[in-house]
Structure formats: structure tokens, C-alpha cells
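The residues making up each chain are set out below.
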Amino acid sequence: MGSRRYLLKKILQAFFTMWFVLTMNFFLFRILPSDPVANMTKAQKLTRAESAALRIEFGLDKPMLQQYLIYITHPFNWGLSFQSSRPVADVIGERVWPTLLLVGISTILSTIFGVLIGISSAWRRGSRLDVNWLVSTMTFYSMPDFWFGMMLLLAFAATLHWFPISGYMGDPTATGWGHIVDVARHLVLPVTTLTIGYLGEYSLIMRSSLIDVMNEDFVGVARAKGLPDRLVRRRHAVPNALLPIVTMVILYFGYVLGGAVGVETVFSYPGLGKLTYEAIDQQDFPVMQAMFLLFSAAVIIANLIADITYGYLDPRVREA
Amino acid sequence: MSKRSLQAILLVSTLVASLSASGAAAQSPSASAASGGPVTLTIGSTSDLVSPNVFKACCALDYEFLFLNYDQLLNFDKDTLAATDGLAYYPPEESTDGKTWTFKIRTGVKWSDGVPLTAKDVAFTFNFIKDNHMGAFFNYLGDAKSFEAPDDETFIWRLNTPSTAPIAPPWLPIIPEHIWSRFDGKDAKTIKEFKNIPAVGSGAFNLTDWKPGQYMSLDANKDYWGGTPYIDRIVWKVYDNPEALKLALINGEIDAAEALPPAIFQQIQNVSNITTNVSNANYYDDLAFNFRGAPGAAFPGSPAGTADPSLQNLDVRKAIAYSIDKQALVDRVTLGYSSVGSSVILPTYTQWQWQPDASQTIGFSPEAAKSLLDSAGYKDTNGDGFRETPNGEPWSLQVLTITDLTYSVQEGKLIVGWMNDVGIKTSIKSVSESKAYDLWGAGDFDMYVWGWGAEPDPDSTLQLFIKSQCEWWSDGCYSDPAYEKMYASQHTTADMANRHDIVSQMQQFLYEQMPLVILLYEKDLQAYRNDRFTGFTTQPSPVGSIFYAFGPQVYLGIKPVSANQETASTSSSSGVPIWVWIALVVVVVILGGAFLARRGKSSEDTE
Chain A
1 MGSRRYLLKK
11 ILQAFFTMWF
21 VLTMNFFLFR
31 ILPSDPVANM
41 TKAQKLTRAE
51 SAALRIEFGL
61 DKPMLQQYLI
71 YITHPFNWGL
81 SFQSSRPVAD
91 VIGERVWPTL
101 LLVGISTILS
111 TIFGVLIGIS
121 SAWRRGSRLD
131 VNWLVSTMTF
141 YSMPDFWFGM
151 MLLLAFAATL
161 HWFPISGYMG
171 DPTATGWGHI
181 VDVARHLVLP
191 VTTLTIGYLG
201 EYSLIMRSSL
211 IDVMNEDFVG
221 VARAKGLPDR
231 LVRRRHAVPN
241 ALLPIVTMVI
251 LYFGYVLGGA
261 VGVETVFSYP
271 GLGKLTYEAI
281 DQQDFPVMQA
291 MFLLFSAAVI
301 IANLIADITY
311 GYLDPRVREA
Chain B
321 MSKRSLQAIL
331 LVSTLVASLS
341 ASGAAAQSPS
351 ASAASGGPVT
361 LTIGSTSDLV
371 SPNVFKACCA
381 LDYEFLFLNY
391 DQLLNFDKDT
401 LAATDGLAYY
411 PPEESTDGKT
421 WTFKIRTGVK
431 WSDGVPLTAK
441 DVAFTFNFIK
451 DNHMGAFFNY
461 LGDAKSFEAP
471 DDETFIWRLN
481 TPSTAPIAPP
491 WLPIIPEHIW
501 SRFDGKDAKT
511 IKEFKNIPAV
521 GSGAFNLTDW
531 KPGQYMSLDA
541 NKDYWGGTPY
551 IDRIVWKVYD
561 NPEALKLALI
571 NGEIDAAEAL
581 PPAIFQQIQN
591 VSNITTNVSN
601 ANYYDDLAFN
611 FRGAPGAAFP
621 GSPAGTADPS
631 LQNLDVRKAI
641 AYSIDKQALV
651 DRVTLGYSSV
661 GSSVILPTYT
671 QWQWQPDASQ
681 TIGFSPEAAK
691 SLLDSAGYKD
701 TNGDGFRETP
711 NGEPWSLQVL
721 TITDLTYSVQ
731 EGKLIVGWMN
741 DVGIKTSIKS
751 VSESKAYDLW
761 GAGDFDMYVW
771 GWGAEPDPDS
781 TLQLFIKSQC
791 EWWSDGCYSD
801 PAYEKMYASQ
811 HTTADMANRH
821 DIVSQMQQFL
831 YEQMPLVILL
841 YEKDLQAYRN
851 DRFTGFTTQP
861 SPVGSIFYAF
871 GPQVYLGIKP
881 VSANQETAST
891 SSSSGVPIWV
901 WIALVVVVVI
911 LGGAFLARRG
921 KSSEDTE
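Protein sequences appear in the order of chains A and B. Take 1 as the starting number for the first sequence in my numbering and just add one per residue. Take 321 as the starting number for the second sequence in my numbering and just add one per residue.
Worth flagging that the hints you see were computed from the coordinates, not collected in a lab.
No farther apart than 20 Å at their CA atoms in a straight line, the calculated lysine to aspartate or glutamate pairs in the EDC-like style are these:
#1 430(B) - 472(B)
#2 755(B) - 278(A)
#3 465(B) - 414(B)
#4 515(B) - 90(A)
Let the sequences and hints guide you as you build the complete structure.
Right, here's the structure in full:
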């Protein structure tokens, strides 16, 4: 019963948060002191009649409250991009998969390597290995990702010619395995940039969490029973130390749809991060609204999954 | 080591080995020509197509696509930009009153889907633009009465008032009736929603694929009436930063690059297999004045704004112009990759541009600026180094600059410094382009550093200064009755020589009356791999652009350097060398084996 009430409570909280975000999403863009039709049409030769018609078509002639009610009752009716007149769903859809590949793979790899480094570092706390890990991961974490990406580009693409300079794929006619390899080659450098840049965060948290767990009584008991060090770590310490990491990883997967605008720009990678930046710059309201809605929904759902997972992994949280 | 562990190591090693083999074999599109595949010219750009819809065209790359994919009624001569044969033969037959122009349309032309192109498609295009009021091309129609096609080879353009619009030539694409007729009469939103891929056209190349943010691909029309292209495909690839664009050109990932920034352009000057081209661009930078002041003090008939009333005084504007060192802007801001500005018509359009002679030129002269301000009554009465108004009140101006533009902020900073040097207390305000549009719309600025692109026919540039463009395309709602008369005259004359004279007078008028100061004419900086392709020319010749010209003529002359094609293809990104993959496999095997061996030796947990 406790579990069911916990689950229901979390789901209701998520719904309320989603409504709040939708409302903020709507009013935030309309607070901006600019005329979206003027911005949308600035580089086009429109007649005044066309401009007025556009204002009506995009609902900008209606009262604010009416616009809001239309928006809240049709949250997935994203309409057309102001900039290109293409369906916003198409504009976003064609960049979702490249973004999931780039940020998703980077998140997985930085989690795996960050956790392994954190475990190694914590278990040999104070040693030269620990210091080396700390210094190197923090160095890469503090580097601007666009600068680091540019260095990799110069070294491995421009100088050694091992990887392409930019883009998502090189040969649009490639199919099957050829297409997979083509996309994979284009992913190596941007994924490496994000992975190395962000594994420091995971390694630090894992290290810190494991050090806390290592001081717990049950770990002392396990050692006292004569278990090998490796088994104490693998079966007793690490599973308990993983709880914060699990929550963090799930939350970070919620951020995947936000893209990585710096890396996307360096590698000319067609991701959602750059799309969001361009939409803000061009005041393409439909795209901006859709992106913020997607991003918010992803984070809220990830938060919900994290809450539920944490409750499953740690029963004390459910029964609190 | 267990059997399962050994299988795992072998599986990983096999995967790595097969990736290495595939990676080494991966080729770029350009390289495929070496093995007998299509000859592809890959051009890198920091721009992307906004939309393949003809009526969404706004920017340079959109127009490049339009006039590769579609034909025009008349073309621009490759060297002079004068009207020449297009789909119609030049010259057309003109009636004695200049109101009826009859064109003969060439026969045997087909659309890319195989449907024959006739005069009816031409008439449909013009009627579509007129009846649906398509703003992008509407101004090319003149005071049109009707467009008719009495048969498949004859197109008749009738005007209410005489005009040279039919032989300007009109810079608009001829579209297929069988594709676009279903949108005739629909609202603008519906017309502009049409995806238009593949884009059925009759041009030298045909858009077959577009991945937004990545590339657009056009295939050659092998039956093109203007000549069969040597290249089979053009791919425009999008790069989000110019450094990557430069590296891609050097690396061989692309064959040409355009819109390179000056600093990047300088870095590739001495690369032996790269040829660079500096051409007149279709864009000028200007310092535009706002004439929208307080109610009652505003320029006659213009809506209210916040412009300083002193800007309505021609002597003040001239003094500002005298204080600007345009050559310094060229040298310091654009690193020499531009030319000093004068007239509102670009030097690219040699058949239209008027140039002031030595006696007419308003050059850099701080002394002349100070003298003009003194005689206008703007003197420094309190000795603080800055001038006051003739009434003795504090006087200051503000220059608005736009952060999104390449040179605006740098130009603005220098201009503000020079104005302060002649005693005009001036400050700078830098905003994003979006914010600038808001301020422009509200008339809330004194002057700004912005710019305009210009089309081949001068009408679109000259109309910026007429009264009806106020709160529309006019910078600061300048207007003058004498200018209005001249504009109407050039717009309604059918005599090209007469029109040339009027347009020259208008340019001189604007230069002397100064609604704006033309600072400089930007240059297009382009480059290509001379070991891959040859036959690059410019339009117009000799100082025009290779890319972003006015039709397909330049592309028709580009051909592969066939002897070097195979060598060139191997210089592009060739993948990770095989020895790296072998080393990786060896490392995986060694580490995996060591790890698994270590696990096998440990004792079991016997809790």
C-alpha cells in the first residue's frame, strides 16, 4: 500500500509540474518585447496584407488568454516554424535521432567510465593513482567543451585525417552497414569530446559516495569475515554507493534532448542544441515552445523514473 | 580462462577488425568519381537553405538554389549582367507605346519530370505571382495588366503604364503549372507550406535531396538547353563554424568554400592547391539616419520616433559623413576585403552604378566636418570638448550597432570615435538583430550601422527611399518630393537609356541629400581546390562572384581535373590507419585476457 501511494503521489506531482511548465512556457515567450511576425518576416519581401494575414494565422491577433487556452488544450499542436513554414514536428524530428546518438552515447560512456574511475579512485584513496585520476578528470571537466572539441578536430581530423571534419554523415547514398559505419565515423570525435569532458562529474560523485560507504559498519563486517577485497568492493560497497549515481544518470538522460550546442557547432553536427539556439535567435516561437516543452517533459519524466527507481532500490524512501 | 570468456574476447576483436576494414574503405562522395561514380562538386557554406519552397526564398543560398533549379524568362549576361536569352529569346517585340511586350519561348525544353515546358507555364508563373500577391517577386511585374500565352511558344506581357520591367530582366523563377496550379488562389500560408522536394524545375540542376542543417543535393540536368553540365551533382554542405569550413577545404572534404571571413581567408592564401577569389558582393554596409522624431518636429509625414531633430539638418548629416574615414574601415575592419562606399547601387552592377567624381566626393575631412557644424550653429560653448545645439542645449547622438553582423560593431566603434573627435558627443549601443528590428520598427534610434543586399535591377534599392516604404522597408522614413518624382519616372519609362539617366540622377541625389552614408561594399571571399576542379569563372566578369551569381552559367563551365581526380580522392579523410586498428585489437585481446585470467585465479566467496 505504501508503494502504491508513493507511486501515485509521484505521478500527480509530475502532472502538476508539467502543467506549471506548460504555463510558464507559454507566457515566458510572450513577455519578450518583440514582434514575432516582424522578426519572422524581416528578410522576406511581404506585402502588408501578407504580414497581417500571418498574424491571424499564427493566432497573434487573439487576446492573450484565448491564445493560452488554445495552447494548453492542444499542447502537441506545434504548428509551423515561423522561419521555414515547415511543420515544427518535422523540424525537430529530423534532429532527434542524431541528438540521441550523440548525447545518449556520450552519457552512457561517461557514466560507465566515470563510475569505474570513481571506484578505482575511492578504493585507492590517497594513492598516486587516486591523485592522477582526480587531476586528469577535473582538468577535462573544467575545459570548455567547444575548445576541447576543436583540439580533437585539429589533431585527429585536420592533421591525421583519421576522422571527418564535420557533419552527421558523409555519403547520403550509403545504406545498411555502410551507413552505420559512416555515421559512426562522424560520431567518434564529438562523442569523445563529450564523454571525456563529462566523466569527471560521475567519477567525483562515485568516489565520494563510495568513500562514505567504505566507512560503514557492514563493510567492516564483510572484511572481518575474511572476504577478498575485490568481493567486498563488488558485492557490498559499490551497490550501496551506486544509489546517487543511478538517480543522477536517470536525470541526465532527461537532458539528452537538450543537445550540446557547443560541440554541435564545432563539429557542424545537426543536433537539437543548435536548433534551440537558432530558434531563440530567430524568435521562431513555435520551435522554441516545442523544444522547451519536449525538454521539460523529458526532465520531468526522468525525474519521475528516478524517484520510482530510487524508491525501489531503497525501501526506506518509499516508507518515509 | 573459460570458453565463454575466450568467445567474448574473439567477438569483440572481430567487431573491431570489421569496423576497421569498413572504416578504411569509407569514401567521400567526391572520391567516388575515381571509381567511375558521379562527378560531385561539394561546396561548403555556413548558410543553409531556409526552404525549397520558391516563395519562401529569402537569402543568398535560397536564390542560388532557385536559379539552378529553375530557369528565368531572360538570363543575365555572364559578363555584363545585361539581359540575354533565357527561356525566351532576347530582345522581345515591344509595342510602340511600351505597354505590350511579346516574347518567343524556346521549344523542346522539358521539366525535370518529363512534362514539356511551354509559354503557358511562363504565363502561369507571372499570373500566379500577381494574383496571389507573392511579395518576393511582385515588384518585378511592373504595373502589370495581364500575362497571356496565346500558343505554346508565345508569351505576352501587357502593362498599364510603360516600363522596362520585362527586359530588366525580371529576376524570378519560372515554375511548372502542373505542380503549382493546385495552390493558385490559396492563402499565402498554404502556398508556402508546400515542401517542393524534389523540386520540379527546368534549370541546369535539380534539387533532389535536402537535409536541413546538413546539406542540399542537386543533380545535373543532362538535357539542359544551355549546355550539358560537366559535373553530375552539386552538394552544398553546411558548416556551423568557419574554422571547420577552412579545415574541410584543406582536408579535401569539400571542393570549394564560400563566405569565408577575412581572417580565415588570409590563412589559405598561399596554399598551392587552393585558388581564392575576391569578388564584389551583393551587400553594402551603411550608416542610416532616422528621420522619425518627436511629433511636430518629425520629418514631414513620417510617424513619430525618438530620433534627434538635428539629424534632419543636412549640414549635420554631411558633417558626420566628413568625419568618417571609410578607407580606415576597409583596412582595419575588413582587412582590405571590401571597397570604399559611395552610391546605393553596388559596383557589381556596372551598368547602373553612378560614381561621384573628385569634386562631388565627400571624403574623410574632420576639418570640413567641424566647419559645417560651426556654420550650422553647433558649437562648443562651454569648452568641454563637445558641441551644443544652436539653442545652447546639450547635444548627444547614439549609434546603434548589431552584434549578429560581421562588421557592424567594429564599424560603429570607429565611427563613434571619429564623431567624438569632431566634437559630436556620441555613444554606441550594441544589440542583437532581433532587438534591432524592434527598435527600427518603433523608430527608436538616431542612426544605425546596418546594410542592404541589392538585386540586379536598381528599383528594389531605390524604392527604399520613397514615402510608401515608411514603416515598411525604409530605414528612417526619409522622403523628398523631387526623389518621389524621379522614382515614378524611372519606374514607368520603357526607354532603357532614359531610365539609366534617371537612375544616375537618383543616385547622385541620394549621395548629396544623405538619408544614409554608404560606408563600404563588402566582398565575397570564396575559394576552391584547383587540383580537383577547373573552369571556374565569375559573373559578372571580372570582379563578380563564382557562387551566388545570377544563374547557372558559372556552374556550366566547371569541370573535374580528371587527371588528378584519383590522387585528389585519396587526400580526403581516409579513416583510421590499419595499424591503429591492429594495435587496438591487440590491446583489447591482451587486456581482456589479463582481466579474465585474474578472475579465474581468485577464490570463491565462501560466506
